[in-house]
Structures are given as structure tokens and as C-alpha cells.
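Given only the sequences and the hints, what does the whole structure look like? Please build it.
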Amino acid sequence: MKKQVAVIGGGAAGLTAAIWAARSGASAVILEHTDRVGKKILSTGNGRCNLTNSKMEASCYRSGDPQFPMEAISQFGWKDTLRWFSSMGLLCRCRMESYYYPMSDQASAVLDCLRMECSRLGITIRTGIQPERIRRMREGRRSFYEIMTDQGEVRADAVILACGSKAAPNTGSDGSGYELAKSLGHRIIKPLPALVQLRCQGNHYRQLAGIRTEADLRLLVNDREMWRERGELQITDYGISGIPVFQLSRFAARGMDEGKKVRVMIDFLPFMDKKESRIFLEQRFAEFGDRNGEDFLTGVLHKKLAAVLLKMAGIRLDQPVSSASIRQRDHLLRAIKEYEALVSSVNPFANAQVCCGGVDVREVDPSTMESRLMGDIYFAGEILDVDGICGGYNLQWAWSSGKAAGCRAAQKRRQE
1 MKKQVAVIGG
11 GAAGLTAAIW
21 AARSGASAVI
31 LEHTDRVGKK
41 ILSTGNGRCN
51 LTNSKMEASC
61 YRSGDPQFPM
71 EAISQFGWKD
81 TLRWFSSMGL
91 LCRCRMESYY
101 YPMSDQASAV
111 LDCLRMECSR
121 LGITIRTGIQ
131 PERIRRMREG
141 RRSFYEIMTD
151 QGEVRADAVI
161 LACGSKAAPN
171 TGSDGSGYEL
181 AKSLGHRIIK
191 PLPALVQLRC
201 QGNHYRQLAG
211 IRTEADLRLL
221 VNDREMWRER
231 GELQITDYGI
241 SGIPVFQLSR
251 FAARGMDEGK
261 KVRVMIDFLP
271 FMDKKESRIF
281 LEQRFAEFGD
291 RNGEDFLTGV
301 LHKKLAAVLL
311 KMAGIRLDQP
321 VSSASIRQRD
331 HLLRAIKEYE
341 ALVSSVNPFA
351 NAQVCCGGVD
361 VREVDPSTME
371 SRLMGDIYFA
381 GEILDVDGIC
391 GGYNLQWAWS
401 SGKAAGCRAA
411 QKRRQE
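Residue numbering for the sequence shown follows full-length UniProt numbering, beginning at 1 and increasing consecutively.
The reader is advised that the hints may include incorrect statements.
Unchecked claim - In silico DSS-like pairs for lysine-lysine, Cα to Cα no more than 30 Å straight-line:
#, residue 1, residue 2
1, Lys-55, Lys-182
2, Lys-190, Lys-260
3, Lys-79, Lys-39
4, Lys-337, Lys-275
5, Lys-275, Lys-311
6, Lys-303, Lys-337
7, Lys-303, Lys-182
8, Lys-337, Lys-260
9, Lys-311, Lys-274
10, Lys-39, Lys-190
11, Lys-275, Lys-261
12, Lys-2, Lys-275
13, Lys-261, Lys-190
14, Lys-274, Lys-261
15, Lys-303, Lys-260
16, Lys-3, Lys-55
17, Lys-39, Lys-182
18, Lys-190, Lys-274
Since the hints were derived computationally from the structure, they do not count as laboratory data.
Following this line, the structure appears as C-alpha cells:
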């Protein structure tokens, strides 16, 4: 008789786990509490689904155990992912040297291939069903799990929790999987928003809203540098956004949650070091000293950004910059190279792409995703304390952890 595997959650990790469990000989059922599976897949990559990345390194992931993510990924990496999707009829292409997208540039194509594979393998998908409790049962020498739901009981020999996190709740992520994991004895690292925008103190952000500019960012938590990132910074009416902000936001979220002072130091001339920038400004003062402050940095920085930085330095916009004192010029250099964005909060889960925190990975076998506390309980995807940077890394984690959990869960039933 086939081993019965129940997968709780029908997102990227859950669909993957069910497919690999079925491919490995098990009978799989997916229990999804929303009205359809794969909602979050449709929103990834701005609807194009950046499904993996060829630059796959340990530094691309954050976890309570830094080695944990790469152990699963080393068993099923980006090349394996491309071959797997090819076997389901999905062709992919590379953009920006290492980012892989479906050839059609449609996230819906990724979901369609996964759904068709589930259908081909005879996987049962039950939507609109809410798992509420899991308990271990025994009949003679056989042990199994009983999943209590709002629609009755579901029995399974193995259970894979792939319920997602709290991020992007509009796609169905409600954090309910954490409670199921806790009921099975697992420790939950407090989930916080990650890959999210930062809200900052100051009344000038509304004036700067909409500006996009290349910048170097350093995140300081209680004056300790936690992360450095360069890329296109986006300034919003409440603070800062963009990929470089997303990359460091999980450290900001953790610092804020711990009551620490969190700052982002921004360099608006990232292609020059401080000495080169000083020389550049001195030459500009010498050459364009007759210009008013309003026009002094035209051609260097966005006009609205330049106006704010000049005001911070005490240089008036309606007077020739030749009148600026040495102190004001030093202040301008500091404002350009070391602009301080004092973080007041991170945006909520509704704006986050993923979470940091989740099931403590020290209680999970990294090669199989099986619980170290209870046999035949597995985890996959965002429910675990693993989060990747932008660039297809979180989806790769879903594919890798889902594959590991699905294959192992399908193995011959243990007798206990």
C-alpha cells in the first residue's frame, strides 16, 4: 500500500513537496485553506516569476543556522530546478547574468506547469479547508497522523508543513502553520517582515518621494554595521525602498524589535570614495561658484534631492554657492556621502515579500527537512527560519526544501 502524505499548504513549497512525494511513490494530498493554490507564485517577480538564480551562495540566505539552507540547496540546486521545470514543459531564460525567468515571462506559466503535474500524478488538491490540529495516532504497530480540519479528519502516514509565513497575507499567508508547528513541540523564532520598505524619521521625505538614484547603503544597529548594499534606492513619502533596502530590511526589523537604534547611512555618490568626492566638490565650487545653490548640483543629483542636501548643509538655494563657508561645504560633503536615515519602523507583513524567523531550523534535519522531534513530520518553504535576498532565492528555497521533504516523506512507512 502506498504511503499517504498530507501536505499542508498549496504554495510553491507545498506543490513541490507533493509532486516529489508522488513521483517517489506516495499518495499525496494538498490541504490549502484559500480557494486556490499558488496565489503567491503569481505575484513573484512582478508577475514574471524570477524562479531561481545561478549565483547560489550561502551569503544569499539568512537563518538561525547559516549552513542549514545550503545543505538542502546543494542536493537540489538551480540547475536541477531548470531541469525539473523543463521536464514539466517550462522553458526558462537568463536575464541580468544570473536571474532565471520563464521564457513566456508569465508567473502563471510556472503555476500552470505545477498544477498540470499534480493532475498527471493524481495528487488530490483540497482547497478551502483549514487544518486546525495535528495529533499522532496508533493502531496496533502502525502509527499515523490525524489532521483535524474544519471539514473533518484527514489521515496521513506523513505530514509536510508548507504553510508559508505571515508575509503577503493577501495571498493567503496567515501564519497558521506556526501554531501547528508549536503544537508539535517546535520552537518558533519570532516572525518579522523581511524584504520590505523602511519608514524613517523626518519631514522631507514627502518632498523627495518618487526619486530613484544609485546609492550605497550601510545599515547600523546600535552603531554596529550589519549589512552593506549598493543599488537603486527608491525614496518614498515615508522613507526608503528599493532592492538594496529590501536586502538589509530583515536586520533592521530584528533590531527594531529588540529596541535598538537603527540607521541607514546613504552615500549618494557611491562611485567615488570620500577623498575623491571632496576633490570633486572643491573643483565644482571653483568652476561653478557663480551658480545659485538651486543649480549647483544640476547634472549630478536629482534636483529635489540636491535641494534637500544643500538645505541640510545650510547653503541657501537663492544665493551663489561661492558664498558658502568651508564649514558649509564640509556639511554638504557629509550630507551627500553620509546621509542618515533614522529608521522608525519597518512596513508591516502586508508589504513584506517574506519573513525572517519561523520554525527553528536546529530542530529540523537539513538534508531531509524532517523534524528532529517527531518522525514523519516535515517542513518546507517559508515556515522555516530561512529567508533569502531578492533574486529568486526564496523560490529556490521552496523548490529545494519541498523536494527534500517530499522525497523523504514518501519513503517506506516506519514501524514503531
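Comparing the hints with the structure gives:
This hinted pair does not check out: Lys-55 and Lys-182 have alpha carbons roughly 34 Å apart, beyond 30 Å. For the proposed pair Lys-190 and Lys-260, the alpha carbon gap of about 16 Å is at most 30 Å, so the pair holds. Among the hinted pairs, Lys-79 with Lys-39 is consistent with the structure: their alpha-carbon atoms are about 25 Å apart, no more than 30 Å. Distance hint between Lys-337 and Lys-275 is fulfilled; the C-alpha atoms sit about 11 Å from each other, no more than 30 Å.
Proposed proximity of Lys-275 and Lys-311 is supported: the alpha carbons are some 22 Å apart, at most 30 Å. Restraint check for Lys-303 and Lys-337: the C-alpha separation of about 17 Å stays at or below 30 Å, so the hint holds. Our distance criterion of 30 Å between C-alpha atoms is broken by Lys-303 and Lys-182, whose separation comes to about 53 Å. Under the criterion of a C-alpha separation no larger than 30 Å, the hint pairing Lys-337 with Lys-260 is consistent with the structure, at around 24 Å.
The straight-line distance between the Cα atoms of Lys-311 and Lys-274 is roughly 20 Å, inside the 30 Å bound, and the hint therefore holds. Of the supplied pair hints, the one linking Lys-39 and Lys-190 holds, its CA atoms being roughly 24 Å apart against a limit of 30 Å. Between Lys-275 and Lys-261 the alpha-carbon distance is near 28 Å, which keeps this suggested pair within the 30 Å criterion. Annotation: proposed proximity of Lys-2 to Lys-275 is violated, straight-line Cα distance about 69 Å (limit 30 Å).
With a C-alpha separation of about 19 Å, the suggested pair Lys-261 and Lys-190 falls inside the 30 Å cut-off, and the hint holds. For the hint linking Lys-274 to Lys-261, the alpha-carbon distance of about 25 Å falls within 30 Å, and the restraint holds. Using a Cα cut-off of 30 Å, the hinted pair Lys-303 and Lys-260 is violated, with the two alpha carbons roughly 34 Å apart. Straight-line distance between C-alpha atoms of Lys-3 and Lys-55 comes to about 37 Å, which puts the hinted pair past the 30 Å bound.
With a C-alpha separation of about 25 Å, the suggested pair Lys-39 and Lys-182 falls inside the 30 Å cut-off, and the hint holds. At most 30 Å may separate the alpha-carbon atoms for a hinted pair to count; Lys-190 and Lys-274 exceed this at roughly 39 Å.
Checked against the numbered hints above, the structure violates hints 1, 7, 12, 15, 16, 18; every other hint is satisfied.
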